[in-house]
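Listed below are the residues making up each chain.
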Amino acid sequence: MLAQVLAVIIFVVMFLLIVTDKIERHIVSLGCGLLMILLVFGLSMHSMTAITETLNLHSFFTVDFWYQAGEASESSAGINWATIVFILGMMIMVEGMGKAGFFRWLCLEIAGLVKYKTIPVFITFMIMSAVLAMFIDSITVILFLAAVTLELAQILKCNPLPMIMAEIFCANLGGSATMCGDPPNIIIGTSLGYSFGDFISNTGVMAGISLIVVIVYFYLCFHKQLAASKGAQMAVTEYPDPKDAITDKRAFITSTVIFAIAVLLLVTHAQTGLTVAFIGTFIAVITLISQPKDAAELLKKVDYKTLLFFIGLFIVVGGLEQTGILAIVASFIGKISGSNAMLMVAIILWISAIASAFVDNIPFAATMIPIIQSLAATQGVDLSVLAWTLSMGTDIGGSATPIGASANVVGISVASKQGYPVSWGYYCKYAAPATILVVLICMLCIYARYF
Amino acid sequence: MSEQLIISIGREFGSGGHVIAEKLAARFGLALYDHNLLDEIAQEKELDAETLKKYDEVPRNMVFSRTVKGFSSSSEENIAHMQFDFLKRKAAAGESFVVVGRCAETMLKDYNGLISIFVLGDIPVKTARVMEVYGLREKEARFKMERHDRHRKMYHNYYCKGKWGDSRNYDLSINSSRLGIERTVDFLESYIKERQK
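Residue numbers (my numbering), protein chains in the order written: chain A, 1 to 451; chain B, 1 to 197.
No lab work stands behind these hints, which were simulated from the structure alone.
Remember, predicted model here, so these are calculated numbers, not experimental data.
Mixed in with the good hints there might be a few duds.
[Claimed, not checked] Below, computed lysine-lysine pairings styled on DSSO-like, alpha-carbon distance capped at 30 Å: (1) K88/B - K417/A; (2) K69/B - K293/A; (3) K305/A - K417/A; (4) K157/A - K90/B; (5) K161/B - K429/A; (6) K45/B - K117/A; (7) K300/A - K161/B; (8) K69/B - K300/A; (9) K45/B - K429/A; (10) K109/B - K22/A; (11) K90/B - K305/A; (12) K22/A - K153/B; (13) K417/A - K109/B; (14) K69/B - K249/A.
[Unchecked claim] So the derived label-pair ranges between C-beta atoms look like this: (15) D85/B - I336/A: 49 to 57 Å; (16) I436/A - A93/B: 48 to 56 Å; (17) E146/B - Q154/A: 40 to 48 Å; (18) V205/A - E146/B: 54 to 62 Å; (19) S173/B - K157/A: 46 to 54 Å; (20) K88/B - C428/A: 29 to 37 Å; (21) S173/B - L43/A: 17 to 25 Å; (22) K335/A - H81/B: 19 to 27 Å; (23) E194/B - E24/A: 39 to 47 Å; (24) C428/A - N157/B: 25 to 33 Å.
By construction, the Cβ of each residue, glycine as well, lies at the ideal position given by its N, Cα and C atoms.
One chain only, chain B, in its complex shape (with noise of 0.2 Å):
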């Protein structure tokens, strides 16, 4: 294993993947890269963060959106394509960090230091945890979730060969509601520790 360590973690809404995400980068002292890799661009670029934001990991609409001699009209397309061309120059200047979602299994896939995670989650305990979080009812946590995981999916799985959540597509595919997030944490520090020797 290089020296070099990048934690991608894909992760289905619910599944407390965002939360062990930080834990990791906590337990490992990395930064960890989500919606704030686009504070990052605006601050390199003087641009405005909110508006970008507001593109982050949204799929491009199929048919509100062209493409010409590889030029698309998609914002939430050039967004993406800005977030992986930030994450690929932070991983060719050999930085070691953690990344939640955007893609970055495949996109970061021919660096060695990669270890890519997915975290998915029972329904109901997905929901449970919604609910809680968001201080919802059942029927819209579980809304919320088919959502936001409808366009996850959606998103990953039009930058990428791989299938969004396909375990073929990770290292490591891990429910969350078996251990829970603090253990599920736990575990995937040993492994990615194992994997470092």
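One chain only, chain A, in its complex shape (with noise of 0.2 Å):
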């Protein structure tokens, strides 16, 4: 009893430091993993078994942990190093192509072959976003691609929020569409064994749909301001070239080229039993190989911060795990709807979809994942159902506000930096009956496809 009540205060007290945003979120989720492991595990259950289980470092020297020959399989609990290593391989590949010049070249390539006219931009742009998203992490996306919406917005004489906003919501959605887009899929599909080809075919389809409607929505939304706008009625002569984005061609096509490796690996990872602990391995390490010179440097800017704040958080969610907290919650879950499936995900989806609007969805899909194991083994729910449902509440769910999900926030900073300054007002305005329109496209593919 001790041992829950203690877990259930560190996690809403690392909760709460999180939103308040006062102290660095790494430093709460290790300082509130360290409490966990020293209060939870040792002082309340005594537990040297609960430690190790949570700690999880056996799980490296394991096969299983780089090549799965069969069928992938569930993890066990606690830090999910599998997400760690994946995302910290994808984070120095992006580095590279970053510094190559990469996005900034696509996104002005992607503009001249519309010629540079407002509306098209708005609309191919969005794609854009999608698309990357599904493959890197949307903060990169959206770092780049709204630093080059601002710029050409400049030229075309137009509002740059309109497209910006939208290219976040995008970026979002695509995100959700694959198992790397997004951390609580990545989480989602290493915790539970689920493929990148499970993902695209299920949230990745979901996601298809809720991207065609919401380039409508946002047309309908902005079209008559953006066509209003100076450059969409007079001949622009003056664009910047998209090779003078390209800071180093050697580099640049080594990185375009580890990049497609990267999706081919991703892709087929069922077929071949490459983890994706390998594949961000292996893509880190020829990262560096590839561009020697810049080794240091990549490695250097790394976000370690965002990976210790991963290690942190899987250890407080660990410690809800052992004490059987999450348990309690699933089978309040399971009370409330009855073991009715469709109205058990129809709760999971719209409140994972609500709290991701207002907390970090990470902690929130990392808390999730036991509980809706927990609820799939006694409820005897289809858990890969409540897997695409969890995806697709926390990922869509961010968009709704402009604190919801790390692409809101950079896109938000990025235009007010250059004085175009976003209030919750503006954002909700649009973003949020597009994410309910998402979310009630989502809730209705998944009863028309799974039930």
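With the hints in hand, could you dock these two chains into one complex?
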């Protein structure tokens, strides 16, 4: 009982500290993780097994961590090292691509293809944002896309905010389509043993349908405003040359090839048996070998704080799991839904979406995974259906508010630093209805396909 | 003292700090930067100044904003940094000016030409002034003063290590209620001239 109370207190304190943003979130999660080990596992439970299971260091030394010949299995509780290693590898690759000028080149090339016309740029950038975010973290996608959008908006004499808002939304949506697009999906995939193909054929389909609707929605919201801009009515002759974006031609070619290899390995990982941990490590190693001069800089630029945040987070969630708190929550959800799977899906989808609109969706998803595992085991609901529900709820819900997802924060920040502040009212006026619309589409898709 | 002269004026609401800053700017023939700073930024970047002014000296809302990898979703924070950068650029270009608020005593502390002043006042005197200037009743005036000072304190203390109004943070803290606005300006003028010698 004491262990459960302490675990809940530590978890709530961690969540509150993350929300208030006063202390950096990796310090919060690591501090709370340490408290969980000392107070809950050590002092209350006297369980060395709980500590070793949660730290999960032994997983590195298993073959399954790097290669899974058969069907991928559910991993044990605790720190999900596969997620950490994969994200680390992708961070190094993306850093290399950004340094070589890949993203800026791609944005300018696509803008050039549509002859720098405001509305076509608006639509193609939405699609590009979604497609890139399927493979690359949405922060990086928005960071580059928003910067180029601001640059083009200055030339096209239009307000960049409609474009940036639509790009943010599509990045979050694109991220939901694949296993590697959004951290909750990586955690869900690696924890529950789902492959890239599983995601694309389930969440990917829902994201694809939603993307079409969202493009129409944002077009209807903003086309008059964009069409009325000065740039839409006059011929602009001077545009930035995409070639100027490439800082190092050799690095550009190699980073593009590495990106293609990463996509290929991810798409085929269920067939090849290579795990995401292996793919992440392999991608990082070939990036560093191919750019030896920049290797130290690339390693230095890795966002270690995010990785440490994940480690602390997994320990705290592991504490909730080991003390049985998450099983209690699962049984509560099971009770209020009366073992009705459709109602359970609706509850998980909408609660995930609403919670993710206000709090970080990563801790939320990490907490919910053991809950849906328990629900599937005790209520007889198909685990994969709950997994896709959780994935869409957490990934999409974050789009509703300026603080719901990392891409929103970065996009808004880039815009307001250039003098285009985004208020909560303005953001939610367009993004909240779009979020509700997409969550509804997902609910209908899940009901139509799995029930 | 360097030839460059930057006078930063922090102030309590109702203390007359802004009027004092205007008068000092006039006496020393210097440009005055207050909320007009955003007009200059807007002109420079072809932006709408009125939109930017909604976020001028507004503290960051800690619950409704988030920071990711050093990027903040708070427009208040981003606009504040635009103003800090603008002031730093002006100072780095060797310009002399008077600046009201905007954490200038901290942002420009590395410049030898900086003279940082904080203007405070007695509550009854400040209340009377706010009642007169804004045509308010006493209760309303006190409420307005408290609200503005609370916001200024939150705004300042978020960006600076030194606390808002703490005398250790400024070259000079002066109670304008003692001498009145005009004589406070006289006193400050002589102090600044003394510093320039």
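Hint check against the structure, violated hint numbers in rising order: 5, 11, 21 and 22
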